[in-house]
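*Asks:* Each chain sits in its own coordinate frame; assemble them with the hints.
So the sequences go chain by chain: A and B. Counting from 1 along the first sequence, just add 194 to a position and that's the residue number in our numbering. Counting from 1 along the second sequence, just add 509 to a position and that's the residue number in our numbering.
Keep in mind the hints are simulated off the structure, nothing from the lab. Just so you know, even glycine gets a beta-carbon here, dropped at the ideal spot from N, CA and C. It cannot be assumed that every hint is accurate.
[Claimed, not checked] Simulated restraints, written as ranges between beta carbons of each label pair:
1. B:634 x A:638: 50 to 58 Å
2. A:236 x B:581: 45 to 53 Å
3. B:634 x A:431: 29 to 37 Å
4. B:526 x A:804: 50 to 58 Å
5. B:668 x A:889: 53 to 61 Å
6. A:465 x B:637: 54 to 62 Å
7. B:670 x A:634: 35 to 43 Å
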Amino acid sequence: MPTLFGTPLRRKEDPRLITGHATYTDDIRLPGMLYAAILRSPHAHARIRSVDASEAVRAPGVVRVYTGRDLEGRLGPIPTAWLVPDADLKTPPHPALASERVRYAGDGVAMVVAESRAAARDALERIRVDYEPLPAVVDAEKAMEPGAPLVHEEVPGNLVLHWRAGNGAEAAERAIAQAEVVVRRRLRNQRLIPTAMEPRAAVAQYNPATGELTLWLTSQNPHIHRVLLSGALGVPEQKLRVVAPEVGGGFGSKIPFYPDEALVAFAARDLGRPVKWTEERSENCRATTHGRDHVQEVVLAGTRDGRITALRVRAVANLGAYLSTAAPGVPTILFGLITSGPYAIPHIDVEVFGVLTHTTPVEAYRGAGRPEATYLLERLVDLYAREIGMDPAELRRRNFIPAHRFPYETPTGLTYDSGNYERALEKALEALDYDGLRKEQEEARKRGRFLGIGLSSYVEICGLGPSKVAGAVGFQGGLWESAVVRVHPTGKVNVYIGSSPHGQGEETTFAQVVADELGVPVEDVEIVHGDTAQTPMGWGTYGSRTTPVGSGALALAARRVAEKARKIAAHMLEAAPEDLDFRDGAFQVRGVPERKATIQQVALQAYLAWNLPEGMEPALEASAFYDPSNFVYPFGTHVAVVEVEPATGQVKLLRYVAVDDPGRVINPLIVDGQVHGGVVQGIGQALWEGAVYDENGQLLTGSMMDYALPRAGFLPPIETYRTETPSPVNPLGVKGVGETGTIASTPAVVNAVMDALAPFGIDHLEMPLTPEKIWRAVREAEARKGGAAA
Amino acid sequence: MAELLERKRITVRVNGREVEDEVEVRTTLADWLREGLGLTGTHLGCEHGVCGACTVLVDGQAVRSCLMLAVQADGTEVRTVEGLAGPEGQLHPVQQAFLEHHALQCGFCTPGFLMTAVAFLEENPEPDEPSIREALSGNICRCTGYQPIVEAVADAAGRLRAPARAAG
Numbered sequence: 195m196p197t198l199f200g201t202p203l204r205r206k207e208d209p210r211l212i213t214g215h216a217t218y219t220d221d222i223r224l225p226g227m228l229y230a231a232i233l234r235s236p237h238a239h240a241r242i243r244s245v246d247a248s249e250a251v252r253a254p255g256v257v258r259v260y261t262g263r264d265l266e267g268r269l270g271p272i273p274t275a276w277l278v279p280d281a282d283l284k285t286p287p288h289p290a291l292a293s294e295r296v297r298y299a300g301d302g303v304a305m306v307v308a309e310s311r312a313a314a315r316d317a318l319e320r321i322r323v324d325y326e327p328l329p330a331v332v333d334a335e336k337a338m339e340p341g342a343p344l345v346h347e348e349v350p351g352n353l354v355l356h357w358r359a360g361n362g363a364e365a366a367e368r369a370i371a372q373a374e375v376v377v378r379r380r381l382r383n384q385r386l387i388p389t390a391m392e393p394r395a396a397v398a399q400y401n402p403a404t405g406e407l408t409l410w411l412t413s414q415n416p417h418i419h420r421v422l423l424s425g426a427l428g429v430p431e432q433k434l435r436v437v438a439p440e441v442g443g444g445f446g447s448k449i450p451f452y453p454d455e456a457l458v459a460f461a462a463r464d465l466g467r468p469v470k471w472t473e474e475r476s477e478n479c480r481a482t483t484h485g486r487d488h489v490q491e492v493v494l495a496g497t498r499d500g501r502i503t504a505l506r507v508r509a510v511a512n513l514g515a516y517l518s519t520a521a522p523g524v525p526t527i528l529f530g531l532i533t534s535g536p537y538a539i540p541h542i543d544v545e546v547f548g549v550l551t552h553t554t555p556v557e558a559y560r561g562a563g564r565p566e567a568t569y570l571l572e573r574l575v576d577l578y579a580r581e582i583g584m585d586p587a588e589l590r591r592r593n594f595i596p597a598h599r600f601p602y603e604t605p606t607g608l609t610y611d612s613g614n615y616e617r618a619l620e621k622a623l624e625a626l627d628y629d630g631l632r633k634e635q636e637e638a639r640k641r642g643r644f645l646g647i648g649l650s651s652y653v654e655i656c657g658l659g660p661s662k663v664a665g666a667v668g669f670q671g672g673l674w675e676s677a678v679v680r681v682h683p684t685g686k687v688n689v690y691i692g693s694s695p696h697g698q699g700e701e702t703t704f705a706q707v708v709a710d711e712l713g714v715p716v717e718d719v720e721i722v723h724g725d726t727a728q729t730p731m732g733w734g735t736y737g738s739r740t741t742p743v744g745s746g747a748l749a750l751a752a753r754r755v756a757e758k759a760r761k762i763a764a765h766m767l768e769a770a771p772e773d774l775d776f777r778d779g780a781f782q783v784r785g786v787p788e789r790k791a792t793i794q795q796v797a798l799q800a801y802l803a804w805n806l807p808e809g810m811e812p813a814l815e816a817s818a819f820y821d822p823s824n825f826v827y828p829f830g831t832h833v834a835v836v837e838v839e840p841a842t843g844q845v846k847l848l849r850y851v852a853v854d855d856p857g858r859v860i861n862p863l864i865v866d867g868q869v870h871g872g873v874v875q876g877i878g879q880a881l882w883e884g885a886v887y888d889e890n891g892q893l894l895t896g897s898m899m900d901y902a903l904p905r906a907g908f909l910p911p912i913e914t915y916r917t918e919t920p921s922p923v924n925p926l927g928v929k930g931v932g933e934t935g936t937i938a939s940t941p942a943v944v945n946a947v948m949d950a951l952a953p954f955g956i957d958h959l960e961m962p963l964t965p966e967k968i969w970r971a972v973r974e975a976e977a978r979k980g981g982a983a984a
Numbered sequence: 510m511a512e513l514l515e516r517k518r519i520t521v522r523v524n525g526r527e528v529e530d531e532v533e534v535r536t537t538l539a540d541w542l543r544e545g546l547g548l549t550g551t552h553l554g555c556e557h558g559v560c561g562a563c564t565v566l567v568d569g570q571a572v573r574s575c576l577m578l579a580v581q582a583d584g585t586e587v588r589t590v591e592g593l594a595g596p597e598g599q600l601h602p603v604q605q606a607f608l609e610h611h612a613l614q615c616g617f618c619t620p621g622f623l624m625t626a627v628a629f630l631e632e633n634p635e636p637d638e639p640s641i642r643e644a645l646s647g648n649i650c651r652c653t654g655y656q657p658i659v660e661a662v663a664d665a666a667g668r669l670r671a672p673a674r675a676a677g
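This is chain B alone, in the form it adopts within the complex (with noise of 0.2 Å):
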């Protein structure tokens, strides 16, 4: 026993912040994420990378945080719901959408959510439906049946495109 190693320390910039802590290795990221940093922002809903309620970016990649440990995120950039707004609080474009069309109910799924649409938007600037809802077919939502969230993200992905226009 006393040979296996139970604890590391992990660097990972989380939010744009840089963040030390020492782990138990079994630990995963959402629960390091939860408990560990009080972002208690991401959700899990299975627990077996199913529901997609505990999706982060890890190095701008949409993950679930369930089915990765702590230590795997050593040296990488984690993004969760609570990085998405504004340092003045405004909110993401996507996260706009999302009040704009109610695409929430009571709201749990919804940071997964808006990480997979954040990530799929920076991939696919001019998504059609088809594939919006593709993109959002690894997420499980119980409460909208899926349409205002579609809608949601096609705006977003306007939105998104909007000021990239201006400044060119």
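This is chain A alone, in the form it adopts within the complex (with noise of 0.2 Å):
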């Protein structure tokens, strides 16, 4: 039978995007509908003493305007819904518009309804809020001082969160003190604003005799919006629905339930009109959850000839003024737990502190957690490779967990699934000509050119989860994944499934794997997703959990379906059914090819049903739920080489290898879109991206125009390999790989600039590594070396 599992087929998803003829959430206008805008605070803390919309009230077009005392006892809060236990958490109430205190530039005031998107623009600039500002706290680290201006005043020392991971403070303590070789830094992992290219969007539609609501939302996961929308506006489960149409990217930012959306769906019920909202640019940079904002105090341990023996961090994560949906796992269960990364460490010690600050909440960015911990961990292995004058590849072969010792437990707690590490290396240094290009690097040195080359190797935590281990952690829901596989009477076939991929392909793979289970052409299939009201409940696409957890309810289901086609088959060609061979699309008598019967056949006379076996019900499909019994490790080997100018700091790419390991591939051409996209979003952080606040809390990164993005013209064409490890925790094999190149790229590249940097004596600088942060440091150390010299 041909197969598709493994064939880079082009997308079934593209058509309609490259025409025109999709559907994203700004996109839909429903008759009668109304527009809302949402006015929002200038000032990072203030006490709100009025607000005042009568003026905005009487505007043209204005319909209604609602501040924050029109919600009370009528919208609840915005919940928080991942509780990670032992950490002494605290969720201060999120307000869906504050009526007492604004507590970040962007919290919002008021939202307008008006007959058009101008009408209520137009009418904020009306509404007259009296503020008394109040001081404000924009750093974590000061956030925590005593006196320090608080975010919520129940929340003492702004400290949310203190959770700890590991096997054991005292004897990392010890290790570290009888080290050979001790690595200290401290190191700043800054804050992101994710920027997926379509802003946030919501459409709410209310009947008022059957007293439904509908929401269509820039959703990743439309069933979670669901349930948290239902506790907030009261709206029993079974008469929303939530629906994630075309959704324009989301990296996490379109994880969290906002207070936008709640909103939009209560205006809606109240005035009894359709409502939409789009965020405006600036909006989406303020008021859409912002990524990473670590400061952390790492210390690594180590023997002479390269032999780590220890970790110690202590990270100060800074969470913004409100806690966002699943915003303390990303710190801690996401981030804590990797630190040993692909290395054997004997001792790990981490200890997080979760802080509130008067800035945008901070969330899941593609990552989320794992590139704070891989950053650490490669910058750390860099420098402890420098300080003993070992090469950085070798000394990652020293410390990498061989491969004979799958599954692995971690100091951490995690098991590590499959893995192969140190040929994912080899495979980076063979494609890079390795040992060619170090020489080449001397050479350019003695001509004054500075290449540098930057290794990251990385093992990551992903495909979300066995849900028992969600409840341990705190998450507040399962992490399991569904699918439902329906053959029509005429053999065409959809698929219903609980996650909602917005980019990642999942309609093309999917139907690739349906195709090869039930044996119909790929062109039958069509995989349906993000609309509560047609897929069976699912927790959505974020921690690249949709392929290695959805597939494996896809695989489940399908050969259910194929199992129950072939008991049908069997007696309709009177025959058992372990006789049968099915091939090609179909079922046919083990040494008499001549009697056969298609799938198409068989789903024909499933729904006939006028001569099943005796006690089989009608029709042709199946569901399944598939709840992982671990989390998948994917893993590889990134490699960057830069060339740094010392008299402008400019960094130039010359090349970018990467070799992943995501298990087996379902379709090359979309893995490697993922790691291609995830890359650069990762070199973003590394040279440009940084969302930079003033010490009043005013964003000064509030437009495209100040956040800077990576641009076509800013990279080298990126070289992708794999290896293929597969994962024996799901049917298929596979692993995620969403964030893989995110997760590795940003050392990569890092290193690559500071091995470049080399010869001037600096080892270390904070990302984003801009020409400025360069020169300055280039000057600062030929300044040095002079007053050395003179």
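*Replies:* Written out as structure tokens, the structure is:
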């Protein structure tokens, strides 16, 4: 049977997307639709003395203005849904609109609903808010200091969580005290703005006769949004439909349950007319969640011959003004547990402080915790290599968990499923001609050219995950996935999945899997997702989980269908089910190839039900709910090659080699696409991106003019390679690949730049590595050298 | 207030069809296309001229429709992503190349890239890679890392040249 698994099939999604026939949330127009706009606080911290909307209410086209007071008792607070245990977690209330105090520049204060978008926006200017500005704190470490302004009065010291992981702080301390080599470093993992190209949007429609409310939403997880919205709004779940139509990128920023969509749904019900809200880009910068923002104190201990003996991490995570939906899990579970990376490290001690500040809430952003962990480890490993004068590739090799030790239990309590880290490293070095490149680097330095080679080996935790683990770590939901495979009477197939891809291509890859399992043409399979009224419950698309978890449900459901089809075929052919071969989409009696029934013929008989086996139910469909037994752990090694121009501080990326092991590959074209996109986002963090606040809490990077994103002209071709180590966890042996690029590439690039700057005695600079920063560091280094010589 | 001209009649040829409409003078070309004509294939990513998602062709030139008023398009010929495919739905060579090279993921920025590429290739039928990267640097894509887009545009250049050669 021709197999589609592993083939670079072109995407089924593309025709509608390249012709302008896709429907994103903002494309939806309903009869009688109103438009909402949200007034946002210009202050990072202020007491609201009064809100006067009387003039706005009288403005042309305005239907209604809501303030925080109007919502009291009618719209519940915005919940936090990852309640990490053993962390002394505080979850201060988050009202949908602030009525007493604003806590970041961008906090919602009022919402105008009007006949047109322009009328709604115009009316915002007519709302008079009397603010009493208060001192703000934007830096997490400063927020922890005694006397710092409090973001929420009920959270002393602004400390919302304090969490530890590892296999013993004292043992780690001892190992560090006794170590031959100790490398200490303070690292900053800067704040980022996810910047999905499609801004957030919501359209709500309420039917007063039936009490049904439909919300079209830019969502990565419509089923989670439905549950949370049902709670906040008091609409029973069976009357609530959440639809994620075409979604223009999320990267974590479309996971959370925001006040804005709750407000839109509330207004549609209250006014009895459809309401649409679409954020502007500047709102997206200020009021859509940010990512990262850690300060890390890291200590790595080891021997003179390059064996890591202990790692200690103390991280301060800035979580912004409110605890967003999944925020507490990001700097803890998704960060602290993976700090051992691909290395066999005997002792690990991680301590995390989660801190509130007067800034935009911080959430998952592509990689979510794992880039922060990989960055600190890969940076420290390079510093360690430099300290003991060992080649960084050799140092990594010496510390990798060897291939024969899987499944491997980490000191933080994870069990890595499968891996061969050295093979991925060797493949990267070979692709690069590493030794040749090192010689070239040496030659170049003699001629005053500064090349740098930066390695980054990673392992990540994804495919979230076993539900009992989700429960144990406080995630307020399950993490299984679902699929319904429905073969229609004509043999055409619809598959309904609970997760909600938005660009990752599962309409294609999942169709490949089903077409293989059922022996039908891939054109005959359509994947339906994103609509709670059509699809079974599922937990959404994030944490690189749709393929590893969703495909488990998919394979099980498809195999159930095939099994039933075999029984029907056997009955039709008057043979025993076990005497049938299934090939090329047909069941045939073994040894009598002319006696056969195609899957399409079987499907028709299943629906006609004139002559089914005794006791068999009609129709041909099956559902499956798949809860994985473990997470999956993709891994690999990435290498960046750069040239730094000391006179200008400019970094030029010369080459980028990525070797990833995402388990078995369903569609190499799509896997490459995920790697490419992830790598470039990670390069963006290393070189250009960074959200900047002034000391008063004003976001200085509040538009695309100010927040530097990667562009086509900044980048070299990215060379992708793979190894394939199947995961033993799920039926198809797959792992996730949506975040590997972002996790791996940031330290690869920073390590490369530091390698280039080694002749200047520079071993670390904070991201983003802008020309100015590098130029200053080089000048200071030369001044030091000059001073020493004098 | 009364003296201010608030609405104006315009006539624009959109995707080959003449359209007459009365628009608020402050309406951008993008909003008019999307809301006035229902051509929602043109997307708004930033509304301040940086991301390029809203790029359309005005008299053959790639233009950011969020930075242009609908009244400024009066008397022009506008082409949007909906006007790229042929009358029978056959894809434009640039669209075909995007599909073949997996040059899109979420698809939101794609219409802007397609229109930018169409205008670019009309003026530069034989571009090299650096010039393609340069030409695309005014458009932001957050999903693909650009490389497949660059490859698609290079491929599309070849596809566009081929029929010309055949005809010659």
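*Asks:* Look at each hint and say if it fits the structure.
*Replies:* So, going through the hints one by one against the coordinates:
1. B:634 x A:638: 50 to 58 Å: 37 Å, violated
2. A:236 x B:581: 45 to 53 Å: 32 Å, violated
3. B:634 x A:431: 29 to 37 Å: 57 Å, violated
4. B:526 x A:804: 50 to 58 Å: For residue 526 of chain B and residue 804 of chain A the Cβ distance comes to about 53 Å; the hint holds.
5. B:668 x A:889: 53 to 61 Å: 54 Å, holds
6. A:465 x B:637: 54 to 62 Å: Because 57 Å falls inside the window, the suggested range holds.
7. B:670 x A:634: 35 to 43 Å: 37 Å, holds
Hint violations for this structure: numbers 1, 2, 3, all remaining hints satisfied.
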